[in-house]
Amino acid sequence: MTPEAEPVLSPEQKRALARTPAQCLRHGVIQSLPFLLVLVPFGLLFGVLSAESGLDLAQVMGFSVLVLAGASQFTAVQLLTDHAPTVIVIVSALAVNLRMAMYSASLVPWLGDAGPRQRALTAYLLIDQTYALSIQQFERNPRLRLDQRLAYFLGTAICACVPWVIASAVGFRLGRAIPESWALDFALPITFLAMVAPMLRSAAHIAAAGVSIVASLVFTVLPSGLGILLAAPLAMATGAWVEKRTERLKAGGLK
Amino acid sequence: MSGFDLKVWFIIAVLGVGTYLIRWSFLGAIGNRAIPEWAERSLRYTAVAVLPAIVAPLVVWPAATDGRPDPVRLTAAAVTLGVGLVTRNTLLAIVAGLMALFGMLYLMA
Chain A
1 MTPEAEPVLS
11 PEQKRALART
21 PAQCLRHGVI
31 QSLPFLLVLV
41 PFGLLFGVLS
51 AESGLDLAQV
61 MGFSVLVLAG
71 ASQFTAVQLL
81 TDHAPTVIVI
91 VSALAVNLRM
101 AMYSASLVPW
111 LGDAGPRQRA
121 LTAYLLIDQT
131 YALSIQQFER
141 NPRLRLDQRL
151 AYFLGTAICA
161 CVPWVIASAV
171 GFRLGRAIPE
181 SWALDFALPI
191 TFLAMVAPML
201 RSAAHIAAAG
211 VSIVASLVFT
221 VLPSGLGILL
231 AAPLAMATGA
241 WVEKRTERLK
251 AGGLK
Chain B
1 MSGFDLKVWF
11 IIAVLGVGTY
21 LIRWSFLGAI
31 GNRAIPEWAE
41 RSLRYTAVAV
51 LPAIVAPLVV
61 WPAATDGRPD
71 PVRLTAAAVT
81 LGVGLVTRNT
91 LLAIVAGLMA
101 LFGMLYLMA
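Chains as they are written, first to last, in our numbering: chain A, 1 to 255; chain B, 1 to 109.
These aren't lab readings, by the way, just hints derived from the structure by calculation.
Yeah, the Cβ is synthetic: ideal placement off N, Cα and C, and Gly gets one too.
Check each hint, because a few of them may be wrong.
[To be verified] Restraint-style ranges between C-beta atoms, simulated for each label pair:
#1 A:G112 - B:G67: 24 to 30 Å
#2 A:Q23 - B:V95: 34 to 40 Å
#3 A:G115 - B:L21: 16 to 22 Å
#4 B:M108 - A:Q23: 21 to 27 Å
#5 A:I206 - B:V95: 20 to 26 Å
#6 A:E139 - B:V95: 29 to 35 Å
#7 A:A251 - B:G67: 33 to 39 Å
Here chain A stands alone, though its shape is the one from the complex (with noise of 0.2 Å):
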């Protein structure tokens, strides 16, 4: 027997090929656990600030159950805040998201065979956390079985998105019961830029990073929330070609 035809599983692989779809799900929700400890105080700030700038208790099981998007919540909130147009905050919170398109994209040779409501579904649980770790765990695994992905994935999902919903609502109540002099309008800057320093991997990404910080501070000189919109594009247009030209300065053989 060849190895290429009968390629060697390592033990760890062995017993991810036995698991029933049951035991996937459990598995994924197991791996889904560590989450839990950024998932869950950033889902209760969420309710705090929503709280903060007027939102009602459904209004706030609206965005954590229908958008079900950490980051562009928050942008959302935030700009409701400042008083910006509905259109702004619309296309600010959906920018947030377009990173999503690439996680679609990535799961297409693994999920793409699934029937239309199972990929429906996984599209609708498709976050950071559930994205993250299904792909590590396909690629790893490369010769799970439809159904094993597709348990694994919802695992994961359970794990993430139930305690999200969760604990959204209970930062609303907590955050009726804060009082003001505990600077919580800082609250949100903070979670941002501890979201955004993690990121900052490449020089294209602390470029645009920098493009998108000086463009933002010169545009606010326009009305509330239309510098968002000028300064993004600059800054991922920036992104493209620091890292366009990172590629071609290596491939050009220069040091």
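For this one, chain A is given, so just place chain B on it according to the hints.
Chain B only, in chain A's frame:
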């Protein structure tokens, strides 16, 4: 229902549908067709392009101090960014930033 409530619900509805369509795009409709290279390149930078643009004015000219630069908030922002860059851990950066914020508020009071 007040005008504000209507606005919020309208935003929730459009964001819900729009975000769903973004997630569904390739899985649901486009399938195995490749994303153009320039689009993939730009999509990688959406988060670092949008989030700093929202944060920067809030850090430099906070509404809570009537738009005057404020040492408390500038320090908290710097600590958050620094801890986030060094540890690459979002939650740790938030905790450090909030501690800096409350510590500075206490010192300046």
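Right, here's what the structure says about each hint:
1. As the Cβ distance of G112 (chain A) to G67 (chain B) is approximately 51 Å, the hint placing it in 24 to 30 Å is violated.
2. Against the hinted window of 34 to 40 Å, the Cβ-Cβ separation of Q23 (chain A) and V95 (chain B) comes to about 35 Å, which satisfies the hint.
3. For G115 (chain A) and L21 (chain B), the hinted distance range of 16 to 22 Å is satisfied, since their beta carbons lie about 19 Å from each other.
4. For M108 (chain B) paired with Q23 (chain A), a C-beta distance near 55 Å fails the hint of 21 to 27 Å.
5. Taking the beta carbon of each, I206 (chain A) and V95 (chain B) are about 24 Å apart, inside 20 to 26 Å as hinted.
6. The given range of 29 to 35 Å is respected by E139 (chain A) and V95 (chain B), whose C-beta atoms sit roughly 32 Å from each other.
7. For A251 (chain A) and G67 (chain B), the hinted distance range of 33 to 39 Å is not satisfied, since their beta carbons lie about 47 Å from each other.
Hint compliance for this structure: hints 1, 4, 7 are not met, and every other hint is.
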